[in-house]
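Novice: Sequence:
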Amino acid sequence: PDYSVSTDEMQMRTEISNATTLMEFVLLGFSDVPNLRWILFGIFLLINFSFLEICYVTVTIPRMLMDLCTQKGNISILACATQMCFVLMLGGTECLLLTAMAYDRYVAICHPLRYALIMNHKLCVQLVAASWSCGIPVVIGQTCQIFSLPFCGSNRIHHFFCDIPPVLKLACGDTLENEIAVYVVAVVFVTVPFLLIIVSYGRIITNILKMLLVRGRAKAFSTCSSHLTVVVLFYGTASITYLQPKPSQSEGIVKLTSLFYTILIPTLNPIIYTLRNQDIMFAVKKLLTKFET
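My numbering runs 1 ahead of the 1-based position in the sequence shown.
None of these hints come from the bench; they were simulated from the model.
For every residue, glycine included, the Cβ atom is placed at its ideal position computed from N, Cα and C.
Be aware that a few hints might be false.
[Claimed, not checked] With beta-carbon atoms standing in for the labels, derived distance ranges:
1. Cys145 x Lys170: 14 to 24 Å
2. Leu53 x Cys145: 20 to 30 Å
3. Ile78 x Arg218: 18 to 28 Å
4. Leu210 x Ile78: 49 to 59 Å
5. Ser223 x Pro151: 27 to 37 Å
With the hints as extra help, turn the sequences into a complete structure.
Specialist: Right, dumping it as structure tokens:
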């Protein structure tokens, strides 16, 4: 026997050798509330979204519906990695698009006469293309880094989709390097865009306060209200998931906040944005009047 090898090293080797037999994970999802599974199935089945939201929830909703229906959460490692990659990619796209929309509102309120010149078709296409494409290589690299780790012991993921925090908990050995990489990517795609949004709205608010007409202030605030609501909801829940220290993360809180930014907020987005439409508001008021009578 090799007495130069410590007990910890022997245990690590045993765990790594056992990890090679792990071929799939089990998504526990909402198995802790079996009485609500058909209610949740109905709610998630009836949700409608815009294009980004369609892509976003297509990665999670069909899988969740199947798990709720069959009460099985088996998912292969390849499928788990693919799901994680798409969730991260689309989440990063959402962050960057919200930042581009903040810039659009800044130009509209602070430079209204030059709006058509600055926010021309070419710039809009470039902003959208950059939002969709610039995070792809980073996300693919991070996903490959995470799933190159050995997994051992339990294969039960306490989540309804393959997200970074619960998957990293199942990895063997030291995951410090991976956790640092997660924080760096979260800072680049969550914190930096959020700071840019804050700067944009700081200038917007300063400009609005300089307006003499109350009606002009109300119109300016109305222009920003829907976008600002989505920003607060999305960034608030995403920050709790990816910027919270790992030891203090509760499985229940992570699952709940993930449910918000992957499903509930995309559901609310079309409602929040359409409430600014005068025709929509008129139709809602007319409908409520009919119910009252």
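Novice: Now tell me if each hint is right for this structure.
Specialist: Checked hints:
1. Cys145 x Lys170: 14 to 24 Å: Once the Cβ atoms are compared, 19 Å apart, the range 14 to 24 Å for Lys170 and Cys145 holds.
2. Leu53 x Cys145: 20 to 30 Å: 24 Å Cβ-Cβ, so the 20 to 30 Å window holds.
3. Ile78 x Arg218: 18 to 28 Å: Roughly 55 Å apart at Cβ, these two residues miss the hinted range, so it is violated.
4. Leu210 x Ile78: 49 to 59 Å: Distance hint for Leu210, Ile78 holds at roughly 54 Å.
5. Ser223 x Pro151: 27 to 37 Å: For Pro151 against Ser223, whose Cβ atoms are near 54 Å apart, the range 27 to 37 Å is violated.
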